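Residue-level listing of the chains:
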Amino acid sequence: MSVELIWALITGAALFGVGIYGALSQTNLVMIMMGVELILAGALINLVAFWRYLHPDVAAGQMFVLIVMTVMALEMAVGFGVAIARFRSKGSVEMEEAAELKE
Amino acid sequence: MANDLALMLPEIIVLLTAIAALVAEMLRQPRVAFFVSITGLAVATMLTLPLLGEQATAFSDTFRIDTLSIWAKLILLPATILSLLLVRAELGGSAREGTAYVLIIMITLASLIMAGAGDTMLLVLGILLAGLGSFALVAYPRTDAATEAAMKYFVFASVTAGVMIFGLTYWFGGTGSTLLSELVILEKSPALAAIGFIAVVIGLGYKAALVPFHFWAPDAYEGAPVSIAAYLSVIPKVGAIFALAQVVRDLPVESAWQWIIAAVAVLSMTYGYLAALGQQNVVRLLAYSSVAQAGYFLLGVIAVGSSPLAFESLIVFSAAYAAMNLGAFAIVMQVGRTLEAFKNTGRQFPMIGVAMVVFLISLAGIPPLAGFVGKFLLFGAAMEAGFTWLVVIAIINSVLSLAVYLRIVVPMYQPSENEVITTDTVTIPLVRQVWFAGLLLTVLIGLAAQFLLGSIS
Amino acid sequence: MITAQAIFIGFFGVAAVWFGIVVFRTFSMVRSAIALLFSQTALGAMFLTMQAEFLGVLQIMMMATEMSIMAFFMVMFMMDPGGMGKMEMTHQKRLSWIVGLVSFTGAVAIAVFIDWGPVATTVAETAQQTEALGLELLGRSMLVFEMAGVTILTAMIAATSVAIPPIPSPEKIHKDKV
Amino acid sequence: MISISLVILAPLLAAIVILCLRKRAYVLALSSAVISLLGSLGLLFGPGVELILPGLPNMPLRLVATPLTSVLSTMVAVVSTLVLVYATGYMSQDKEKNRFFATLLLFIAAMQMLVLAGDWILLLSAWELIGLSSYLLIGFWYQKPGVKAAAMRAFLVTRSADLGLYIAVFLLIASAGSSDIAATLNTDGTVAIVAGLFLLIAAMGKSAQTPLHDWLQRAMAGPTPVSALLHSATLVAAGAILLIRTAPMLPPETLVVIGIVGGITALITGLIALGESDLKRLLAASTSSQYGLMLLAVGAGVPLAALLHLIAHAAIKSSLFLGAGVFQHSRGSTALKDLAGVARDQPRIFIGFVIAALALAGIPPLSGFFSKDAIIAATMTSSHAWLFVPLVLIGTVLTGAYMARALRILWQGNAQKKTLAGLHWMSAGVAGLVILLIVLGALFPTIEAFVAAPLPGNMLAVGLGLSAALSGLLLGWFVPVRSLMGPLLEKANQGFSIAGGFDNLCVRPVFAIAHACEKLERRLYTAVLAVGKTGVKIAHAIRSSDEQGIDRFIFSIVHRTIRLGRQARALQSGLIHRELAITVIVTAGLFVITAIGLLIY
Amino acid sequence: MLPIVSLTLFLPLLGAIVIMCHRNAAAEKVHKIGIITSALTLLGAIWMWVRGVADPDMAGKGFAQVEQIDWMPSIGAAYRVGVDGISLPLVLLTALLFLLTLIYSSKVRKQPQAFVVLMLILETAAIGTFTALDAILFYVFFEVSLVSMYFMIAGWGHEDRQRAAQMFFIYTLLGSLPLLLAILGLYLGGETHTFDMRVWIENPPLEGGAAMLALIAMLFTFAVKTPVFPFHTWLPAAHVQAPAAGSVILAGVMLKFGTYGLIRFALQMTPEAFREAGVVVLIFGVVAALYGAFAALAQTDLKRLIAYTSVNHMGYVIVGVAIAALTLDPEIRAIALDGSVLQMVSHGLVTGALFFLVGMLQDRAQTREMDQFGGLLKTVPLLGWSFVLAAFASLGLPGLAHFPAEFQIFLATLREEPWAVIVILGIVITAGLYLKAISQVFLGASNEKWKTMPDLDRRELLTLGPLLFFIIVLGIAPSWVLDVVHQTTIALAF
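Residue numbers (the working numbering), protein chains in the order written: chain F, 1 to 103; chain X, 104 to 560; chain G, 561 to 738; chain A, 739 to 1339; chain U, 1340 to 1833.
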């Protein structure tokens, strides 16, 4: 067992926890997106740590990191697109105000 | 490599179709985009046929050309064509209608990729791609409802995708590979396998609208145009379910993955129908029904590896589901979104009445229609896998489902107080073609299920 | 045994987490965005520490761009640009806090209790790594790579189509005239 | 072969033809009766025949003509022919006479079938069919008040008792493995005792034995020829015939019971007859009483004596009834007080009536004398003579008494002259029967020889019987009934009903059960619900559904489900963070399930 | 060889399609097509009858006239139809009843097209249920009949039809799904995965606890369908609300699905388990028979009364089947089953006739309450006497249809489980209730209100005539049916 791996994984776990907290507690769409970014950051650090300390010769690990980065970027991009559309129609991206569709 | 490309030809054609449609849209030729899309998808379907019976992988095992993925193409591509007809009927003439076609084809591509995914990265990308297109489609009308639906959809999607990716990293840590086929290694650490699998269930469960990841679905379907809702309730869902089947194929049993699937199945079936029971809005009702139907799909997933019926049942039921659900939505498009609108339609328009009744009782699983054959196979598969109790719950839910679907049937044949003929219910040719095709398929799949079964095995 | 690497990892890790927490503790979105940027940069630094130089650099560069875009948007969508009013932007804090803590604990438990097997002590040189990644990209993961490309294309279309202002449909114009 | 089918088919076909043609009913009826009579005579003088017809698998239907059955068949044919002759006159004014004749012919066919049946299934069928036709005949004037109740009563009582026959038949078939009556007569042991007792129940029902005697008197609501035919010679006879035919198989234990039942009936219904105030009802009670005597004979182990009395009684009681019918036509009533002096209106008929009454009482040289003698002699040979002989003698005294009383009342009074339509037909019928009852006595030795069964002769019996009959007649003629019966009169008029009789003992409990079932139907699931009534919600669900019974249960489940659905929908708050929170919590549940699963594996 | 079974089976469906193609045909024409189709179907059934059930290859055992087409060979499901002595009489009965019902209903003017189409679909489903030799096919037809009946009640029923229809549907669907489970169990339990019922009958695939579970599932289904106390409450509700035609089909044909299934599935496919549970089933049968009789006695509504007597009569069938399951003696088994099958046929004829009669009465008087009538025998003699005849047949009078059947059932019962013969009390109670009904409705003084009530017309006579004829024929000479039944029942061995 290596201290580095554990520490890195704990960092990932902490980022994940913070991200989850953010995603659940924020009222603003953009802030929720930040929470998601943090969750994905946790995933990134996990992946890199696993690659480095367990499977350094597997390039797929790095590849996965790239994919996760892509996911982060694309979600941001489309997220902002949706935010703009929402802003145009409603003037706000507050989630609490988005409760027209319900039972 | 060339062989890989040949194996993936249908997907490539789909991609090219999307690009061609995009070009046509950019040239402000939505009609052309539409016809290009239809033609391209039809060609892709044709090109899938020679692959039947193939058992191979492409691109170093990252993509599987097997029964599931081939049949995903054969089911989802025609279903997409039908959806496109519906979309054309509803959104035709609006600005940037071609974008909708492009996005739809892209989502279909994503669903196909998911259904054949052999690599966790492809799974992630498939979910992402399907999601990205869906938000835009749901937000298409730009009304308050549509943007709200898109926003909720987006939040749900991004959070669940994040959790899923985070969980999947552990699989990489455990196996040292992103390939699904390497999951067998996890036999020694089932806890790790289980944790990763829950993450996958979260991601795919959201896509397939399984309880408890379904919350976006009713809102999104209600906010979106009906045709888009019809599309979203079928194609990405089937893709996600197939992806789940691909995942569990290599998952060691010790990870208790069957338990998770069973739990989610029970929740989905029961909650879906319970929630549908009180709906006044037919689209919402069908949304919840699609949640429940996703639960039924899991009966096939649970049997993967322990019953030869598993794949057959999944395929037959998804074909049936596609036919009847698209048909039902098509009729909703024609009649209206509320139960009020359905009053007396059965008497005024006998054909629409008959068609809707057929779709609904097929959804409820009454023979000899497609839904019955599908569910029957699913039940058989689950029983063979030793999940008789699950089948019992499914059967009890079938009774519940009947009550749900009768909620639509009953007003259709109830004489309304004022026998005014609602003139706004005009037959839209494209929609009529769709529900007619759905009707035909629903009946045919029920009667000639062997055609499917024979080709599957 | 605590190595220099471990110390750096620990340091940058704490930094990343700290800035991550700060994201949700400020009352201005701009500040949140900047905190997130720092957090991600710390993460990039961790990558560098873990000898994934290509990824580290990529992370820092990408996040810098991304966060600056985010900052623009902050300004656009912020109700209180300066964050002076200390307005509340959270709800169900207690539950979120518990869930966050439980997730953290769970993930830590996984990290600690799972037997991860033997640890590799050395990795390939940076250049070889990058080469291997390139081969992976155009070899085994070709399809994944291509899919990522398609996804980016779709994201562009999707983002554009939702973001551009709605054009009234020809029918609508016609109707309005009538 | 031909004659055996003629006997049954002739009346049956005639009935159908009458229903189709709807005219010339009496011609057809009479001719078919004659054909039937010829057929049975053919059987009587021809060789024994057995006709096997397809029936149930391995259980074919059989018609047999043994000496016993052909004698009975002849008796039925003769009596029915004469009754038909009478009915031609009696019914000449009735609009519905087609239906009458058709039903009557159906009845005759069924009776012949019963008599000639060679297997249990056919016997059972015939048994039930005569029940049906008697129902139809008793209820012939169905629009009159009281008639439908009488018909219903007759059918229900006999049918209830028929269960005994059903069970006896099942027992016999089960033990013998065949439905052939001849084959089952070898049964012995417990089965024979039990089956015998069940047969007795059936016979008690049909032959109106105590305590099932009540229906017969009520059945007098039907037309008189019906009474004459059904309630003297045929329908009631079925019970006795059944026992006579199965006598070879009946073990002593059963015979005692049969004898006791017969004796008690003879006593009780004799008393009822004595106290009766209606001529037809008197005759009906007398019928029960006479059949009681026959059962005594069977119980004493000499079925032939019973057979002889059966035959004699058939002729006697038919002529009595037919006479009563003429009186009824004459006075428009059958109550004895209305009939006082009617003898002077119809002297010729009255002569016949007197002869028949004397015959019934057992005055030589009429047939009744011989048959009653045979019964007394039979009981004296029985091992239970100490019980049976007094019973027979009392029965005989009572017979004499009530007949004498009736004769006296009919004789004393004033004449009311009135011409009657169809009187000559009626007279012909009565005359035929009276002649028959006179000459029958002479034929008895022939019958004895024919059936080839010894009959115990006993001079003491002759003396006892004769003195009993004479003392009965004298008592009846000279002593007023009130002083003769004393406190028993009241009871007799109520039909000696114990604890409310048939109505209270059977009908009410059955209806009570029925209503209880109906109530249960309504309450059943209310109760089920009450068990599960855990909260106000469910109680509300019950209240809100106004439907009763099980439906309520079903619908309350539906309501509960819908309520559950509403609660489920409430989860869908539209607020994404709440929904996400639910997702998280449920996912945590998934983790728990997984943990359990992992531990188990 | 002409595929007569399939032709007969699908002829009504063809007729339905023909009618659907004539979208604007007049009501008369629609009815004419319906009647012609069902008449041809009856001819087909008669042809089947003439061919008989003796299969030369099987030495009288098993099924005859088998027709088979692959349907889903990969899961062992095929289109297999055929008949044996148990199903053939029921097919004939079905064809006859449908023809008569269509004749009777030729006056229907409320959406005649849909009505006739529904009837014809129902006919195919009913014949299919009886002839199917494939479990899936059986289930398919079983359910289709359910759906069509639902629409029949909901569309053409009386006052409270929606509720009754819903009740009927929920109840019987809830009932039929366990059968699906049992079918799957049998399918998976066998060595070769097939849905061929003949294989299952030849070698019962399940044993022990699994067989018992499957049996319980099947018993539940068939108990609801038959119906057995306490699952019977849908029956009176459905009958009272259903149109006369629906009632006739429901009672005459569809109730037999339950008992037919009981023989075909429960008895033949899980015989050992059934033997173990036989006493319980027997008790249920006895209770149902007595309860039905008593409950009928308390009714004031004529239609409800007849509906409850169905519970009684079907209770006898259950008793017969239970006895057949319990006994080890093939002779007793044959007697019990002969009786049960014949009872099904005669119940179809008799109850059919009774429901027709009540329908006719209701058409005339718009009420079914018995105390509203009185003395009708005088006013409408034909109707009255027909009712009397049918009622006496129903109460089990010899010479009429029910007697030979009930006789055999009781005989077998006494030979196997003597205590159960208390069920025979039922025949007295039914006698009582029918006499009560007859005397209330038809006897006594005529009610002024109905003085002008018309007697049966030609259409009605044409409907009733054949039924009454067969009631008598079956009572006098049951052997022409029993011989066919017996061929099969005597060969049963388990």
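For the record, the hints were derived by calculation from the structure and aren't laboratory data.
None of the values given here were measured: they were computed from a predicted structure.
For every residue, glycine included, the Cβ atom is placed at its ideal position computed from N, Cα and C.
Treat the hints loosely; a few may be bogus.
[Said to hold, decoys possible] If the Cβ cut is set under 8 Å, some of the chain A residues that face chain U in the computed set are: (1) V765; (2) S769; (3) V772; (4) L776; (5) I790; (6) G793; (7) K835; (8) L862; (9) L870; (10) Y880; (11) K886; (12) L894; (13) L909; (14) F1216; (15) I1251; (16) Q1305.
Hint by hint, here is what the structure shows:
At a threshold of 8 Å, the smallest CB-CB gap from A:V765 to chain U is about 23 Å, leaving the interface hint violated. About 24 Å separates the beta-carbon of A:S769 from the nearest beta-carbon of chain U, more than 8 Å, and the hint is not met. Evaluation of the A:V772 hint against chain U yields a violated restraint, the C-beta minimum of about 25 Å exceeding 8 Å. Checking A:L776 against chain U by beta carbon gives a least distance of about 24 Å; that is not within 8 Å, so the hint is violated.
Because the closest C-beta pair between A:I790 and chain U is about 12 Å apart, greater than 8 Å, the hint is violated. Taken as an interface hint, A:G793 checks out: its beta carbon lies about 6 Å from the nearest beta carbon of chain U, inside 8 Å. Proximity of A:K835 to chain U is violated relative to the hint, the smallest CB-CB distance being about 15 Å (cut-off 8 Å). For A:L862, the shortest C-beta to C-beta distance to chain U is roughly 6 Å, which falls under 8 Å, so the interface hint holds.
For A:L870, the interface hint holds, the least distance from its beta-carbon to any beta-carbon of chain U being 6 Å, beneath 8 Å. Contact between A:Y880 and chain U, as hinted, is supported at the beta carbon level, the nearest pair being about 4 Å apart and thus within 8 Å. Interface hint at A:K886: satisfied, since its Cβ lies 4 Å from the closest Cβ of chain U, which is below the 8 Å cut-off. Evaluation of the A:L894 hint against chain U yields a held restraint, the C-beta minimum of about 6 Å falling below 8 Å.
Hint status for A:L909: holds, given a least beta-carbon distance of 7 Å to chain U, under 8 Å. Interface restraint check for A:F1216: the shortest CB-CB distance to chain U comes to about 45 Å, outside 8 Å, so the restraint is violated. Of the supplied interface hints, the one on A:I1251 holds, with its beta-carbon coming within about 5 Å of a beta-carbon of chain U, less than 8 Å. Against a cut-off of 8 Å between C-beta atoms, the interface hint on A:Q1305 is violated, since the closest Cβ of chain U lies about 21 Å away.
Going through the hint list in order, the structure does not satisfy hints 1, 2, 3, 4, 5, 7, 14 and 16.
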